[in-house]
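Undergrad: One letter stands for each residue in the lines below.
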Amino acid sequence: METCVLIIGGGITGTAIARELSKCDVDTLLIEKEVDIAFGGATKANTAIVHAGYDDEPGTLAAKLCPRGNLLWSELASDLHIPLKRIGSLVVALEENEVRVLEDLLERGKRNGVPDLRIIEGQELFEMEPNLNSEAVAALYAPSAGVLSPYEASIALAENAKQNDVSILLGTKVTDIIAEEGKVKTVQTSRERICSRYVVNAAGLFSDEVSSMAGIEEFKIVPRKGEYIIYDRDLNGLVNHVLFPVPSQISKGITVTPTVDGNIIAGPTAHDKKDKNDLTTTREGFEEVLNGACKLIPELSDRLTSIISGFAGLRPQPSTDDFIIKSYREPSGFINVAGIKSPGLTSAPAIAEMVVEILREEGLALKDKKNFISSRNPIVHPIRDFHPAKTEEFLRQNPRDGRVVCRCEYVTEGEILDAISRGATTLDGVKYRTRSGMGRCQGGFCTPHVIRMIARELGLAVEEVTKRGGNSKVLPYSAKRLLLGDEKR
Amino acid sequence: MITRRIDVAVIGGGSAGLAAAIAARESGIDSILILERNEELGGILPQCIHTGFGLHYFKENLTGPEYINRFVRKAHDLQIDYKLETMVLDLTCTRKILAVNQPEGLMELQANAVVLAMGCRERSRGALCIPGTRPAGIFTAGTAQRLMDIEGYLPGKQALILGSGDVGLIMARRFAMEGVEVKGVVEMMPYPGGLDRNLQCLRDFGIPLYLRHVATFVHGSDRVEAVTISRLDDKGQPIAGEDRKIECDTLVLSAGLIPENEISRKAGVRLDPKTGGPIVDENMETSVESIFACGNVVYVHDLVDHVTQEGEMAGTNASKRVRGMLPQLQRRILLKAEGNVRYVVPQMISGRNPLTLWARVRSPAFDADIRIGKNIIVHKRVVKPAELLTIELTAKRLKDLDKVEELTVSIGD
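Residue numbers (the working numbering), protein chains in the order written: chain A, 1 to 489; chain B, 1 to 413.
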């Protein structure tokens with residue numbers, strides 16, 4: 001197989017680069033080791049915040065790309081119909097001596113070019129956030145911060161890139177990178193050999209390993225685990241902004257924020273691990289998140305029964321402590337986009353711009369595509385996004401959307417079929433595209449229905465349907481088949 | 001949009017809703033509509049293929065499908081109108097219902113009375129906050145039961161069951177009968193959560209019961225590979241070193257049911273935080289006029305027989321209200337559960353009419369005196385959380401009722 005630009009990694013960074021490149025006439029291929037987009041690493045499990053950009057040390061790449069990315073998300077979200085809510089963020093000082101930190105952040109934010117930052121206190125603060133800990137002294141308000149769904153964003157970027165002729169190969173893992181005469185030449189994968197002039201390494205947690213395949217070993221990625229708690233939508237309104245405590249040396253602390261879908265999320269912890277696959281949650285992590293969340297919103301200590309889920313994510317913490325986005329003299333054509341820790345989601349569109357610029361500098365001739373399609377049709381959620389007249393008209397055209405399959409999140413049969421036709425092949429794939437199973441019952445009612453629909457649409461046996469690929473079969477045994485023998489299906 | 005007026009709308013076509021609709025019809029209401037989101041009537045019972053249903057109501061020992069079919073058939077015989085795979089999206093305090101299905105699309109119904117009968121849902125792994133990985137192979141008991149008993153799939157071959165409530169115990173037996181190796185039933189409390197008769201399920205198949213244990217870790221990346229359980233100390237904290245890793249490919253959760261009151265909330269119905277269901281009066285009317293409730297949406301029942309009886313009461317009273325024969329309660333006394341009494345239903349009584357109170361205790365006790373206000377004491381030889389308590393407020397006892405607006409129901413020392 002041959003391409004001009006090969007992107008390794010189907011997370012938010014890789015898909016943003018693919019979409020940015022798809023504006024130009026150039027053969028582009030994106031490969032992802034998991035069976036779906038956004039399945040692998042940090043993209044599917046992070047705090048889902050569009051940061052304002054005051055956290056990072058001026059002069060770092062993160063400080064430069066975060067505010068730019070924040071700005072770019074507006075147009076991108078509107079073009080691709082990615083839900084984005086600019087709810088603003090508050091860094092909350094709970095003690096007098098923390099106010100100094102707010103002032104430092106304000107100053108840093110100004111240097112990073114973050115708009116409209118200011119410190120608020122007293123009545124104004126509690127009017128904005130009535131359930132905030134009453135001991136709060138002041139807060140740094142950043143109106144440009146917001147929330148969006150990272151996996152929906154990544155899927156949308158991939159879909160739009162595909163509309164613009166980017167090829168995507170899933171379930172394809174890089175095993176080696178071969179350079180000849182100082183230039184990258186071929187990439188060996190678990191499926192086939194791919195020849196490419198340019199190779200963009202956006203392999204997230206594994207970007208150090210991919211980089212060393214190309215002979216570049218200048219950094220290491222440490223998986224930094226973050227655990228989270230998700231609350232039911234019945235707490236909608238308890239929190240209005242992205243709430244941060246005053247940051248520590250290693251992280252921005254335990255955040256409490258509404259999600260774009262109306263839940264509340266609390267987290268993350270920040271603990272460096274060795275195993276890049278360790279997505280386990282722990283009792284200690286749960287308690288740490290809960291304690292952190294209750295410091296900001298004390299009422300959460302009485303809301304344990306509103307917890308609907310918990311999960312852990314691993315962010316790729318680079319040994320350099322900054323994004324690594326660069327090309328090399330040798331092998332030429334190899335570009336690292338590595339160590340994309342927080343604020344990686346926010347920065348993704350700006351990272352993509354920067355990578356395209358690097359490709360140009362590396363000699364890739366990039367002409368604008370004449371028939372570039374800038375927008376994408378989203379999956380319509382006629383019941384969840386209810387609108388009396390529009391929903392009625394939509395149901396008239398699409399009667400299958402009259403059947404609600406996921407009761408908690410109001411996901412219809414039509415939406416699930418649409419998700420499958422867009423490439424979902426697993427329970428999680430349908431879930432990330434539609435939210436089926438993400439509500440308060442966590443799939444108790446809809447899972448059997450969704451499994452049957454996936455099996456029917458893809459021509460699989462029910463026993464073959466997986467949660468997220470590999471060996472994650474949900475219903476491995478048919479009682480009928482076990483009794484009758486396989487031949488008598 | 002389809003718009004329609006109906007006398008009695010019943011939300012939910014399980015055992016409570018069917019009983020309510022039948023009772024409403026039998027007391028003279030023509031215009032009744034059951035709205036059911038599932039693909040069949042009957043709620044959870046069609047998948048409960050074990051026996052033990054109907055001992056009180058029919059004085060017969062029936063399977064779940066047998067029990068519920070009697071009501072489904074009766075609803076058909078009485079030509080009660082129902083819509084399947086129909087989801088109620090909204091209910092207002094003036095009893096306007098917005099619902100949707102395929103192929104009719106959106107429909108707006110104006111009901112003169114509404115009976116809430118949405119039942120309950122199961123507590124999920126996420127709600128239980130069990131640490132570990134998030135592999136395939138974790139099911140709530142009801143989902144596993146449906147997959148096995150209705151659809152013919154085995155969720156796995158080696159199962160560990162969390163929770164010794166009735167559903168957990170029954171699933172242990174069903175699994176064993178289907179050839180699934182049941183590694184054990186894990187119970188947080190020092191005593192089993194289910195009815196005595198269901199404990200036989202474990203004895204029959206030699207299934208271990210781990211009392212005072214919790215699941216502390218799920219192992220396995222793609223599919224469940226093992227679950228670690230730990231013994232708890234007196235304070236309910238896992239004891240270090242007192243844990244064991246049990247190999248299994250399936251974890252089944254039977255650790256609590258939650259009344260499903262999202263629709264009730266939309267109508268502004270007041271809920272009791274202790275039951276998770278609407279506050280109801282002795283007519284099963286909620287805080288919103290002409291909206292009644294019955295069955296597991298009000299509180300989680302032990303026996304379907306009682307759900308049926310409660311449904312009948314709600315249906316009859318909805319019918320009376322529509323016909324102008326049931327005024328709202330005038331004198332209102334709020335009953336508040338205290339101490340070892342976790343909740344009591346109904347929470348609102350007139351104090352004029354004899355009735356049965358239902359209550360659940362927090363922990364087992366012998367020779368318990370249930371005290372209602374200052375003057376009424378009802379003695380019970382044994383009380384336990386697994387069995388609902390019935391307290392008869394007879395005419396004689398009502399005479400002793402304090403003349404106040406609020407009464408506590410508690411168990412004295």
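No lab work stands behind these hints: they were computed from the structure. None of the values given here were measured: they were computed from a predicted structure. By construction, the Cβ of each residue, glycine as well, lies at the ideal position given by its N, Cα and C atoms. A hint or two may mislead.
Stated by the list, open to error - Some chain B residues judged to face chain A by a derived CB distance under 8 Å, without partners named:
{"no.": "1", "residue": "L84"}
{"no.": "2", "residue": "N101"}
{"no.": "3", "residue": "P103"}
{"no.": "4", "residue": "E122"}
{"no.": "5", "residue": "S124"}
{"no.": "6", "residue": "A127"}
{"no.": "7", "residue": "P135"}
{"no.": "8", "residue": "R146"}
{"no.": "9", "residue": "M148"}
{"no.": "10", "residue": "K157"}
{"no.": "11", "residue": "Q158"}
{"no.": "12", "residue": "A176"}
{"no.": "13", "residue": "M177"}
{"no.": "14", "residue": "R223"}
{"no.": "15", "residue": "A226"}
{"no.": "16", "residue": "E242"}
Undergrad: Checked against the structure, which of the hints given earlier come out wrong?
TA: Hint check: 1, 11, 12, 13, 15, 16 fail, others pass.
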